Every structure is written in structure tokens, then in C-alpha cells.
Amino acid sequence: MEYLIRSAQQHEDFREAEIKALATLHGFDVEILSYSNESPYCVVRLPSDDAAKLLIERSILACAIYRLWGQGSDYDSLHEDLRSRTESEWSKYKVSSFWFQIKTFQSKRSATARQDIVESFSYLPFDGPITPQNPDVEFCVCEYFDKGTLTPKQIYMGRLIGNSCRDVINVYDLKKRSYISTTSMDAELALVTANLALAGPNKLMYDPFVGTAGFPIACAHFGCIVLGSDIDGRCIRGKGEKDVLSNFRQYGIAGRWLDGFTADLTNTPLRKRRFLDAIVCDPPYGVREGLKVLGSKRGPVEEVYIDGKSAYKQADYVPPKKQYSFTAMLRDILQFGADTLVDNGRVVLWMPTANDADVELPFPQNPYLELVSVSVQEFNKWSRRLLVYRRLPSVEVDAAAISAYNHQAGHTADELNDFRRKYFQGFKS
Amino acid sequence: MKLLTLNFVSCARKACKSSTSSFPLHPRDAELELVEMEFNPQFLQNMLPKLEWEALQIICNELALPTLPSSTPAASDLFESGGEGSSPAQPTQVARDLHKLLLETTIREGLLVCSNCGHEYAIKEGIANFLLPPHLV
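Listed in order, the protein sequences are those of chains A and B. Residues 1 to 429 in the numbering used here are what the first sequence spells out, letter by letter. Residues 1 to 137 in the numbering used here are what the second sequence spells out, letter by letter.
Treat each hint with caution, since some may be false.
For lysine-lysine, the following PhoX-like pairs were computed, each having C-alpha atoms within a straight-line distance of at most 25 Å [unchecked claim]:
no. : chain 1 : residue 1 : chain 2 : residue 2
1   : B       : 17        : A       : 321
2   : A       : 272       : A       : 242
3   : B       : 2         : A       : 313
4   : B       : 14        : A       : 297
5   : B       : 14        : A       : 292
6   : B       : 2         : B       : 14
7   : A       : 292       : B       : 124
8   : A       : 272       : B       : 17
9   : A       : 272       : B       : 50
10  : A       : 313       : B       : 14
11  : A       : 147       : A       : 103
12  : A       : 313       : B       : 17
13  : A       : 272       : B       : 14
14  : A       : 313       : B       : 124
15  : B       : 124       : A       : 309
16  : A       : 309       : B       : 14
17  : A       : 292       : B       : 17
18  : A       : 297       : B       : 17
19  : A       : 53        : A       : 103
20  : B       : 50        : A       : 321
21  : A       : 176       : A       : 239
22  : A       : 239       : B       : 100
23  : A       : 322       : B       : 17
24  : B       : 100       : B       : 2
25  : B       : 124       : A       : 239
26  : B       : 2         : A       : 272
27  : A       : 176       : A       : 242
28  : A       : 297       : A       : 321
29  : A       : 321       : B       : 14
30  : A       : 297       : A       : 313
31  : B       : 17        : A       : 242
32  : B       : 14        : B       : 50
33  : A       : 242       : B       : 124
34  : A       : 322       : B       : 14
35  : A       : 92        : A       : 53
It should be emphasised that the hints constitute simulated quantities derived from the structure, not laboratory data. The model shown is predicted, which means the values in this text are computed figures rather than measured ones.
Looking at chain A on its own, in the form it has when it is part of the complex:
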């Protein structure tokens, strides 16, 4: 059955990935029949109204979903399409209270024009009362205009199935959050990231660069039990009354924050054991926050003693850290995902790139992981991508790919941080 999804015209590149992820989360198929980043309207095929309702309930970027009653490039073709698709269903709504909404994109309609549009549907045999508040059934006419034109290019009409949870963006607004840092992800994208990670009740999610826990909070909102670590323990511990736990308390989800600990992903205490359902992270790009791992830049060193005692056993000891390559870090994250995710578990990570095509970093790859989707958020001279990977069940892993991967392992580990260099050169080629 065909459904119309009306979305916000924002973060366009993430919308299709979100729809597909939510279908995967609920275990049904979705077929995208028409989609464009330039239009807020998207037509999909779904198994049932119930599936459509489930899909929309968790969506952040969509606004509402409608059973598609008709579409056309003008009103005549819309009415004709509507008649052929739904005439047999009309009698079901004969006595229901109903309401019509009109949504226009890139244009406006006056009150009289809206009235005329509604009246053009007067052939529908609806005898029930017209009630704007909580009608039994609500219809929506969606018009798409090319910019600056006065006649719509495409028109859809549908019966409302359900609304999204877009309003939770306000609840998690960073401006109202007690504890954030300079690199906190905005609430909308953090929630979308959680959807792409298939966050859900009963799952265990881990963020190895937890910072002030923006992603764990978003995942916990959807029911995940969450775990986070950071190489800088101060951010988890926070200051005074403000710490990671106080953020969870603010949203009433402290009972889902399992643990925070101080650790470096390249020397992680977590065991190679398939126990995680999702890994979500925004690794440090080496621009606003340094990209460092444990170790000394002078290479292997001897143990240091102060007054005959091991320096590292002192209470105020801070272990030295060294610069690390972003490329190598991405590779480490994927390998960690391959080692610790359950079958079909997801790695969802943000990765910056310059907009200039010739300095684009290749997507990191791992033979145990399949790239599911790539979404881009554009900034002026750089952009960042949200990469989503799925842990392949062991039977699906290609043995040839593993041996090819192991073969090239030595090369990239010490590469420089391409993104950082380009960023500070102002992306001049």
C-alpha cells in the first residue's frame, strides 16, 4: 500500500536513511517510490497502516504519514487518481466527523483559495460533521510548487495515519540542557543518529567518545541502556552539580545510564566479545578537540620514578598522550565494532570531509561491516558525514575481503590527519 510522508525541509540528506532505519528497526520492508531532497513529500510502499504508524512514531525528520489517496500534476489528474484508488473506501467514512488540512511548499494559499481546494473534493460522499478538533478522520492536501511559480507542480491527497515525535527536539534542546560542551551535537541530529543506530528498549549502546553524553542521552530517550567512556575523565565527572548523570536526571532517564569510565579506545578495557547492540560516536576531528591516544610521542619509554616510587601510582598522575591519525582512529573504531557488536548491530559515526572533491577522505571500511547509509551535513567549506555500518553475521563475511584487509593493515596506521591539515590550510588545494 502506498503512503505519503511529509517531512521537514531540514537535514534533507538524512531523511531517506531515517525512514529505512525505522523500517529495519520494526522489521518490515519499505520501498521508496518517489523521493527528492528538494521536496518535503515522499511516497513509500509499506505493508499496512499499523506499520506506517510505527514508522512515523519514532521519526524525527518526518512530520506525518498519510495513506495516499491520490496524486497528480494538477487537480484534474489528482481527482481522477483519487477516484480510481479509493472509491470503494469512501462509504467507510460516510458518517465520520472529518477535517481537511492544506499544506503548501514554497508558496502560499489565501483563505478563499483553501476553501476552493476543499470544495473541489465535495464529490466525496461524507455526511459527518466537519470538526477541526480530534475528527474521526483527517485528510491533507499537499501541494508542491517550484520556487516563484503560482501553480503547483505536484499535488497529493492523503488520509492521516499518524504524526511523528518531532516535538521531542524541543525537550532535548541544548540551550535548556544543564551540562554541555563546545562540541555537543544538536538535539535534532543526535536523535536522528540514535534512530539510525536502531536505538530501542532492551539494547545496550556504547559511545567511546562520550563527552557530555549527547548521543547516549538521545539513545536512552528511545529506551536503550547506555554506556560511555572518554579519554578525558573530567567530562564524565563534570563540575559541581553539573555532570553527565545530572543531564540524564534532567530528562528523567537516569535509570538507563549504566556506566561511564575513563578509557582510550586504542587501549580499551572492553573485551573482544559480541555484547553491544550499537556503537555511536562523533570522534574528535583534531580541530576543536585534540585527537590523542595514550602513549608518549617519544616512542616506547621506560617507567618513570619519582623519589623511588612509580610515578603512575601517584594520586595526581596524568598519563601522557600522543597525537594520533584520524584515519587510523576511524579504522580502530570499525575494528572495535567488528569485535564487539552483535549480528546486525550498528556502528554509527560522524566523519568530517572537505567539500573539495580532490581532498575527500575515502570511507573507512572493514570486512565485517557493511556500509548501510551515508548522509551529509554541509557547512561552508567542509561537511560532515554520518556513516552507518551493519555488523555482518559471520556467515555473510567474505573471507577474501578479510585477507585483503589484513594484508593492507600496516600501511595506513601512521597516516597523517588529512582532514586537520586541510582544515587549517583553509581548504586551499
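We have chain A; now place chain B onto it with these hints.
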């Protein structure tokens, strides 16, 4: 650090990872507290097959917590049987005890010791520190 998390960590040193004695890490001078968590028996069901039960038994013993059954509970031990289909299955006392043990029992202060290399990781205010000095990286 919760006992559930402790069941997923070993010594952070690469040199220790291959040794079986680097897991579990052993608590020393541990000060415990109970931190309230959302009771979620389905989450426990998801975690049960991923637990190393023997390691959990060792930890319970070392922390002088009540003795655990000798093998991992089955998923069916978490929910009351009977009442076919009508109402959702009620969680059992086993589920509640496991929840308290794994998700609420927290090591607030103390040390975690690797019995392979002897390295000690400190836990302060519930947050364990797994950073290593350069000569151990």
C-alpha cells in the same frame, strides 16, 4: 562501576589481552553502593547469553555478596510461566535479584586489579580509570 560493566572489561594492556587471567579484574578495597536503575527484564534477557557467569560468581564471592546459582539462569527463569497469552508475563524474583546485582550494585570507590600483570585501576565516585602510563601502552 556496575557489576554488569565489570563483566565486559579486562586489563586494558595489550600484553594482557591474550591471557585468561586478565579477566575478570578483581575488586580490592571496594566500597559498594546501590544505584537505582530502571527495571527492564527484557534487557536482562538480552544480556544473559552475553554474560560470563563464572566471572560473575568469582566477583560476587570476592565482594562477599550472596552466592549465585551455579549456572546462568535461562531466559525462562526471568518470567513467571502460566497464564497463556492473556497478560504479559510477570518478571520473577530471579529477574529482580539479577537486576539488583548487575545493574544496581556499584563499586563506588576502590581498585580493580589484573591478576596477570598486577596493574591496579582506580575507581573514584563510581568512575573507573583505565588509562595506562606510557611504559605499559
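Worksheet entry | Restraint check for residue 17(B) with residue 321(A), where alpha carbons must lie at most 25 Å apart | holds, 21 Å
Worksheet entry | Pair hint outcome, residue 292(A) versus residue 17(B) [Cα-Cα no greater than 25 Å] | Holds, because 22 Å separates the two Cα atoms, which is no more than 25 Å.
Item to complete: Verify the proposed pairing of residue 147(A) with residue 103(A), using a straight-line Cα cut of 25 Å.
Response: Given that 25 Å is the threshold and the Cα spacing comes to 15 Å, the pair holds.
Practice prompt. Decide if the proposed pair is consistent with the structure: residue 176(A) and residue 239(A), CA atoms, cutoff 25 Å inclusive.
Written response: Roughly 17 Å separates the two Cα atoms, so the pair holds.
Discussion item. Just to be careful, I want the Cα atoms of residue 322(A) and residue 14(B) compared with a cutoff of 25 Å; is the pair within it?
Written reply: With a Cα-Cα distance of about 17 Å, the restraint between residue 322(A) and residue 14(B) holds, given a limit of 25 Å.
Worksheet item: Is residue 313(A) close enough to residue 17(B), meaning Cα to Cα at most 25 Å?
Response: holds, 22 Å
Item to complete: Starting from residue 292(A), check that the Cα of residue 124(B) is at most 25 Å away, please.
Response: Status holds; Cα separation ~23 Å.
Worksheet item: Regarding the pair residue 124(B) and residue 309(A), is the alpha-carbon distance no greater than 25 Å?
Response: Answer holds: residue 124(B) to residue 309(A) is near 22 Å, not above 25 Å.
Worksheet item: Are residue 17(B) and residue 242(A) close enough, with their CA atoms no more than 25 Å apart?
Response: violated, 35 Å
Fill in: 25 Å Cα cutoff - pair residue 53(A), residue 103(A)
holds, 20 Å
Worksheet item: Would the pair residue 297(A) and residue 313(A) pass a check requiring their Cα atoms to be no farther apart than 25 Å?
Response: holds, 21 Å
Discussion item. Given the hinted pair residue 309(A) and residue 14(B), is their Cα-Cα distance within 25 Å?
Written reply: With a Cα-Cα distance of about 24 Å, the restraint between residue 309(A) and residue 14(B) holds, given a limit of 25 Å.
In terms of the numbered hints stated before, the structure departs from hints 2, 20, 22, 31, listed from lowest to highest.
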